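Each chain, letter by letter, is given below.
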Amino acid sequence: MQGYNFAYLDEQTKRMIRRAILKAVAIPGHQIPFASREMPLPYGWGTGGIQVTAAVIGANDVLKVIDQGADDTTNAVSIRGFFARTAGVRTTTKTEEASLIQTRHRIPEQPLREDQILIYQVPMPEPLYKLEPGKAKARRRHALAEYGEMHVKLYEDITRFGRVAVAYDHPVMVNERYLMSPSPIPAFDNPKMHRMAALQLFGAGREKRIYAVPPYTNVRSLDFEDHPFHPGRADQKCALCGDEKSYLDEIVIDDQGGRMFACSDTDYCQGRRG
Amino acid sequence: MAYVAVKGGEAAIAAAHSWLAEERRGDPAMPAVSVDQIAQQLGRAVDRVMAEGSLYDPQLAALAIKQAQGDLIEAAFLLRAYRTTLPRLIDAEPVATEAMQPRRRISAIFKDMPGGQRLGPTTDYTHRLLDFDLRDTPAAAPQAAAAPAKMPRVTDMLGAESLIEPDAYADTAPGDLTMEPLAFPAGRDLRLQALARGDEGFMLALGYSTQRGYGNAHPFVGELRVGEVAVAITPPELGFAIEIGDITVTECQMVNQFGGSKISPPQFTRGYGLCFGHADRRAIAMALVDRAMRAPELGEDVKAPAQDQEFVLAHCDNIEATGFVEHLKLPHHVDFQSELETIRAMRRDANAGL
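Same order as they appear, the protein sequences are chains U and E. Take any residue in the first sequence, count from 1 to its spot, add 4: that is its number in the working numbering. Take any residue in the second sequence, count from 1 to its spot, add 73: that is its number in the working numbering.
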């Protein structure tokens, strides 16, 4: 696009973001502050993910953008259009064709490869924020690996409800050192992060943090021996492709309580239908 | 002696006012903006002034914006000051937002539902790149209007399964914040009235704080709808309702995760926002703060500012707030003189004690 650098951000900003990414990869799960820029999309729309994508994308990359698992959701369409316009790169909806995948709230069903990078949009990078909203105090707890409070919180859930009442953004331990927010993906997706072949990058624009999970890193969802982590999904099969294992969207089809279930990962569903 | 000039206040005020009028007009070689232009082309500003001015009249709000040089709090103030002179003739019937034919209706909790998602005239997915072509104001291509349709409330679809608490309903007539002084604790009717006219920036910041751990919200926009609703009154001599006009409103039904407490079972709980005009930000922030202030009713601890109704309601009105903050500009030299004497005496004592 005329008047703008390749992929919108200037080269100095990209270098600053790349330095943060390198540091993040070197300390898996640790949040690295970065000088997040104002972007032409609002905070909350994925400014962190967009900045990370802008910093790593090259002219030969093929970009896929999903929101809620789907390529056709409005925000995914908008961000894909943004990079098609500002970087002129090829875009795709096919998971296997993409070299970069920017996502909000899902991990694709199809396992990713070593030559792919998954970039998450993150609203709240601090996994402890509901227990300790103060940034300085939370940082100290990470430094001391003092995560007892989070276990207590999960334990209290079990005593009150008989289960951990966290449906999404279920906290994970990365490389047995840092507690990390997986971003608001459903707990169903957490196991996919464990020893994933692809590099996972996380960008939080408003909160000005970047963190990463390098390929083949241990990612353990917090749980207890007698209450093992349980990734849930609707106990239904996809009305379109018949799959019984994928994560499903619940779609309201009338005002008489009628519901339809369909794969949230639209590319996966399309692929199964041929 | 500058101080003497302050005593000659009358001439100073007259001079200030004529300077203000001159500054408001700007370069007389340029055409003046008309009130119609403001009403037509600065619609979001007009909507905000109507909401905070607590009076639905786009033409008067546009006039207030012109008179206030675009200072929207000042404009809302002008509108409130006018509103106070109007006689209260009759209470309208509750507006039926479920009967609205929305031009915008979105839900963040379902991918699709009866009536569908309708974006309407939104900036949501624009890229914020300055459009230099707008300087020469090309005429926008007219859009084919989508067929109007009634759309069932998304939260009613959840309600069928009892996953969400029932909509609040009271048999008693709602209170009126503008006719009775606010007493604490205030009921939800009065709290919602205060938020509907509260400062957008203040509510935005409070709503935002609940998302960042100060109040522990788990909100989802169940539905946001924008459109026209009919206002009806029932004159006692007629005994049936007649419609007297339409107003544009934005309504937000927020669905909040709630794990239950000693007095309520686990279910989704509601936060509600309703305001004049097309104002997504205001309606969403209002719904967040409404839910936060329901903490005591749902058996939650009140720990964060947004949950403290006295803190929120006492400070959300920007006409009150701007008055008290800006009044610091007024002469305070009598008080200050007494402070001077006191501090001199204290220093004398302190130095003597050294």
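Some hints could be false.
As the list claims (entries may be wrong) - Keeping only pairs whose Cα atoms sit at most 35 Å apart, straight-line, the calculated DSBU-like set for lysine-lysine is:
1) U:K157 - E:K335
2) U:K134 - E:K376
3) U:K27 - U:K134
4) U:K241 - E:K223
5) E:K223 - U:K141
6) E:K223 - U:K139
7) U:K212 - E:K376
8) E:K335 - U:K141
9) E:K402 - E:K335
10) U:K241 - E:K184
11) E:K184 - U:K249
12) E:K376 - U:K241
13) U:K27 - U:K98
14) U:K134 - E:K335
These are calculated hints, taken from the structure and not from any lab test. Note that the structure is predicted; figures quoted are calculated from it, not measured.
Provide an ascending list of the numbers of those earlier hints which the structure does not satisfy. 5, 6, 9, 12
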